[in-house]
Every structure is written in structure tokens, then in C-alpha cells.
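Chemist: Heads up: the sequence lines are chains A and B, in that order. The opening position of the first sequence corresponds to residue 60 in my numbering, with each subsequent residue numbered one higher. The opening position of the second sequence corresponds to residue 31 in my numbering, with each subsequent residue numbered one higher.
It is possible that part of the hints are untrue.
To be clear about the criterion: a stretch of chain A counts as covered by chain B if any three or more of its residues have a C-beta under 8 Å from a C-beta of chain B, and this derived list gives those stretches [claimed, not checked]:
(1) 112-126
(2) 225-238
DMTMM-like cross-link-like pairs, simulated, lysine to aspartate or glutamate; straight-line CA separation at most 25 Å [claimed, not checked]:
(3) B:Lys264 - A:Asp283
(4) B:Lys374 - B:Glu328
(5) A:Lys222 - B:Glu98
(6) A:Lys107 - B:Glu308
(7) A:Lys107 - B:Asp334
(8) B:Lys264 - A:Glu98
(9) A:Lys222 - B:Glu142
(10) A:Lys180 - A:Glu278
(11) A:Lys240 - B:Asp332
(12) A:Lys240 - B:Glu328
(13) B:Lys264 - A:Asp148
Just so you know, these hints were derived from the structure itself, not from any lab. Every residue, glycine too, gets a C-beta built ideally from N, C-alpha and C.
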Amino acid sequence: MSGAAEKKIRTVIVDDEELARQMLREFLSQHNEIEIVAECANGFEAVKAVTELKPDLLFLDIQMPKLDGFEVLELIGTEMAIVFVTAYDEYALRAFEIHAVDYLLKPFGAERFGTALQRVKQRLGGKLPPATELSSSARPPAQYAERIVVRDGTRVHIIPAAKLEYAQAQDDYVGLNAEGKTHLKQQTISSLESVLDPNQFVRIHRSYIVNLEKVTKIEPYSKDDHVVVLANGTQLPVSRSGYTRLQGLLEQKTKVRRA
Amino acid sequence: MHPILSRMRNLGLYLLAWIPIAGMLIHSMTGSGGLTWREAIVLTVPLCLVYAFDCLAAWYPCQATPIEKSSFARLILTHLTAAVLLAVLWSAMARGLAIELERHAGFVGLDERVQKHLSLFWATGVLLYILSVTFHYVLLAEQAAREAQERALEARLLARDAELKALRAQVNPHFLFNCLHSISALTSSDPGRAREMCILLADFLRTTLRLGSRETITLEEELALVRGYLGIEKVRFGTRVQMEEQVEKDITNVHLPPLLLQPLVENAIRHGIANLPEGGVIRLTAQKGSDAVSIVVENSFDPDAPSKLKTGLGLDNIRQRLNARYGNDASLAVRTDGNRFIVKLRLPAETNGVHG
């Protein structure tokens, strides 16, 4: 057998409970082809470990301190094989929508675990379709992001949606402006727009999304164009269609307030 | 359904009660009454048999005129009319039977001798029917009492059912799944602790069921449940979960509805401590004021915690139960102070379980 020469599957375990990690360790130890390269007890550690170690396989708990499993994936992408491990079955659909390889429900036995590992090997051997980019459809409808997570190297920033002033498209990135700082995130402005609450955030321009709560006034700029002025004095361009959207939302809000 | 006709046993007993009645009639017609024993028996037995069934018909007017809902005049009128009618009919039947028997040998002159006794049949008939009416009212009352008892039992069962349902909502299934996962992990690494956790979990579930079925329990019992729960969570979370208890000694016998504090402590872990990598402290304080008890459950939490799970459900349930029992005398207040989450419960100080 060529077992020894074979490349090992480099694996990271993420769970905030020691006993749960211990269980995975025990099951994984039965499989020689697995090499555990890191164990993490929370989302921050997971992002750091995955960014630095680039593992092939990630066992990921969902309910964790700091960052939940889905937020971790949003930051690290789904380039590796992901197996979710959780006691909650309500996330299963969302997990498979982002092409998780498997979804283990606690408690599980060695046999079920073996099946998951089989699927992992198929995925790594290219027999299962590769994970595609995290889609915004993974988020259940009508539930908008309350916060945005941004990775800066191995560090993670969390920006509450309410504190986001505006977002600006910059090639493959968006610049997220909050509390005087700009964070760059690898995401298209359209996909960001789709996760933000449309009653609060308006796409005022091809390259700009603004938080309506932070807008102090709207001024004419030239014959057709306008600018919005934010509390800190920042001026953002408003396109013609952006102006229509902005007006529509403002009217809707006034109506609600009057009613 | 007629309570006597519908059961053979009851009918048998009822007919048995007619034997002395027939005996009395026979006795009064023989001797100085002018009838021979043979004549009296042949005449009376079939008449009594018929009238026994006639009297059972009282069930229907009794049902139609419930004693507690009908006026006295109506009761008298209904039953007296029926009694007189049936009694007249009965004495006519006695006469008819006597005429019929006269045609047979050995019953010569029977009709004439029976005619003297017709007033006896008439009077006895009225009396017996009235007795039967009374008897049927007793039966009706008994039936009503039995139905009321059944309804009460049913209501108790429904209430118990509702309690169990509430309990199912209380004992969070994910808590169970995570516990089982921890036990499963321990079975190979530390079988002794796995067994210990099984017992802790069983004790907790059993206590929850036992206490949950009672209307009130003492604060001490609730605190014991909370400690049992924490014992389990400590196996899962290790040193991340710490609890500080400050309970005034003289209020441990205060009565309160079951499962008020345990869900609060469970929330403190699920929505508070579980989101903190280093864990935190849950502080439970209970104090007695002039006439109220105030209990505070305070825990550290991460204000920027990821995807918040539904927090309101458990609190709503507690609020509803407090309201149902105490009305405005109890309250549940929730506030945050920086990274502290504080739930304050205020309820009347009852020591005997009776709400004054």
C-alpha cells in the first residue's frame, strides 16, 4: 500500500467545547490519512489558523463565541472541504447551500463520522463538485446582516451594520467606512447590497451604498446630479437612478412616520 | 339512556324491590279483605310487574323537568298529573284483570270483591309513582355528580398535558443533544465521568418533571434544580461557567412557581457565557423586602455576539406565568449594563404556597 507516501489530509477542528474537540480528535485518530494541524475554540482562532495553515479540511461548529461558523466561512472562503458539526439542525439547509461537504448532528457515532470522511475524500479527489464562492443566498430571506465581518490578514474586525456609514466599490473589494476608519473586504458591492437591510441602505451610485441614518442632507451638484452629505462632512455622488431610489425610500419613510 | 333499563343488574335489583310491595298488596286483600291467597297472588303479581315498568317511565318527565331549574308548581303539576293518570289506569287494569279471571274456574265473584280494593290500587299507584319520581331524581343527581367528576378529571389531565408541553418548551432540546454529545465523548476518555454526567442529567430531568407538575415550590428546591443544571453545564463548559449565589437564609422557604430561575440561568449560559471564550460569572442574588422577594440573575455577555438566537421566548413564558399567578404583584425586568445582562424578578413573599 502507498499509505505512507500519500499526502495527508491537513485538518483543523473548530469547536468551543473541549469534549466536542476531544471526540473529533478520537474519531480522526482512527484514520491514518488525517493530520490535525490545529484546534480552535472560537471563530477568531479559526480564521487565524485557516489563514495561516491553509488546511484541506475544516470541522466547524456553528454556535461559537465571537464569530459563528457561517461568519468564519465568509472570511476564509470555502476553498477547503467543510464539515459542519452542530447540535442544531435548523442550519443544515444553509450549510449545504454554501456547499458544505457534510453536516454532522451532535451526538454522532463513528459510523456516521466515517461517512462524512468518505464524502470529504470524494470532494478532495474531485468527485464531488468543488465548493463555489459563498453566495448571499445562503442567508435566509428577510434576515439582513446585523454586522459585517472583515478580515485583515489574520485579524478580524466586526462592524455593526448600524455603524456603517457608507461602502465604496474598489475593484474586487468594497471599502467599508465606519467610525472614521475604512476596512477593505473582498466582496462585490452588489453582494454587499443584497445582505444589507434595504430600508436603511441605498445604492446611490454604481460604486456607493449609503446608510440613510447617516445622511444629513441631499444637495444638487450639477444640472442632473446630486450629492449626499454625511454627518462628518463627507460628500458622496448620487447618480440619477440612485436619486430616484433615494427619493422613493425617503417618501416611503415619511409615509410610515405620518401613518 | 335509562339508568335501570340499560343494565340487567340494575333492573333485577329494581324488580326485587317490588316483591315487598306486591306482598303488602296481597296481605291487605286477603283475610278480612275477602280474597283467597291464590286469588290475591294471581291478581297482584302481573299488576305489579306492569306497574313496575310504568313507574320507570318517570325517568323521562324527570329529565324534562330538572329539579333545580323548574318551578315548584311545574314540578307538582307534571308529576302529579302523571301519577294520577297512571294510577287510574292501573286500577282500571286491576278491574279488567278481575273480570277476565272471573271467567275461569275458582275465581267466581272476584270482580265484586276486587272492586272494594280499587281505591287501594289507586292510592298505592299514586304513592308508588311519586316514590319512583323521587328515586329517579336521585339517579339524575348521581349521574350529574359523576359527569362533573369526569369533567374535573379531564380538566386536570388537560392541565397536566399543558404543563408537560410547557416543560418540553423549557427543556431545550439542544441542551440535551449537546449533553449527550459530551457523554458520548467521555465514554472512551473518562467512563467514570460519563456515568456521573448521565446521573446528573437524569436527576435534572426527573427533578424538572417532578417540580414542574406542582403549583409552587420553595426557593430552596428551585435553587437545587439550578445547581443540578449548572453541574451539567460545567462538564460541557469546564471552568468557563462560574456561579455566585447570594441568597438570604430566611427566604429559602419562600414559595414560587416552579422553573422560574432555571430558565433564566440557562439563558445566562446560552446567550451570555457560551459566547465568551474565557467564560464568565453568573450571579444569583435573592433578597426579601417588606412583602416582596427580589431575585436577580446577572451574567456577563458579549454585546457584539454573533447571530443572536431567540432570547424572548423563555422570558415571555416566565412573564406570562407570573402574570397568571400574581397579576400586577409580580414583575420581570431585563436590562443591560455594559457587558452585564441583568434580569430582575420581583414577586410576593409567600411562605405557605397560598397567595394572600
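Chemist: Determine for every hint whether it applies to the structure shown.
Modeler: For each hint, the structure was consulted:
{"no.": "1", "hint": "112-126", "verdict": "holds (count 5)"}
{"no.": "2", "hint": "225-238", "verdict": "violated (count 0)"}
{"no.": "3", "hint": "B:Lys264 - A:Asp283", "verdict": "violated, 65 Å"}
{"no.": "4", "hint": "B:Lys374 - B:Glu328", "verdict": "holds, 8 Å"}
{"no.": "5", "hint": "A:Lys222 - B:Glu98", "verdict": "violated, 73 Å"}
{"no.": "6", "hint": "A:Lys107 - B:Glu308", "verdict": "holds, 18 Å"}
{"no.": "7", "hint": "A:Lys107 - B:Asp334", "verdict": "holds, 19 Å"}
{"no.": "8", "hint": "B:Lys264 - A:Glu98", "verdict": "holds, 21 Å"}
{"no.": "9", "hint": "A:Lys222 - B:Glu142", "verdict": "violated, 116 Å"}
{"no.": "10", "hint": "A:Lys180 - A:Glu278", "verdict": "violated, 59 Å"}
{"no.": "11", "hint": "A:Lys240 - B:Asp332", "verdict": "holds, 22 Å"}
{"no.": "12", "hint": "A:Lys240 - B:Glu328", "verdict": "violated, 34 Å"}
{"no.": "13", "hint": "B:Lys264 - A:Asp148", "verdict": "holds, 24 Å"}
This entry does not satisfy hints 2, 3, 5, 9, 10 and 12, going by the numbered hints stated previously.
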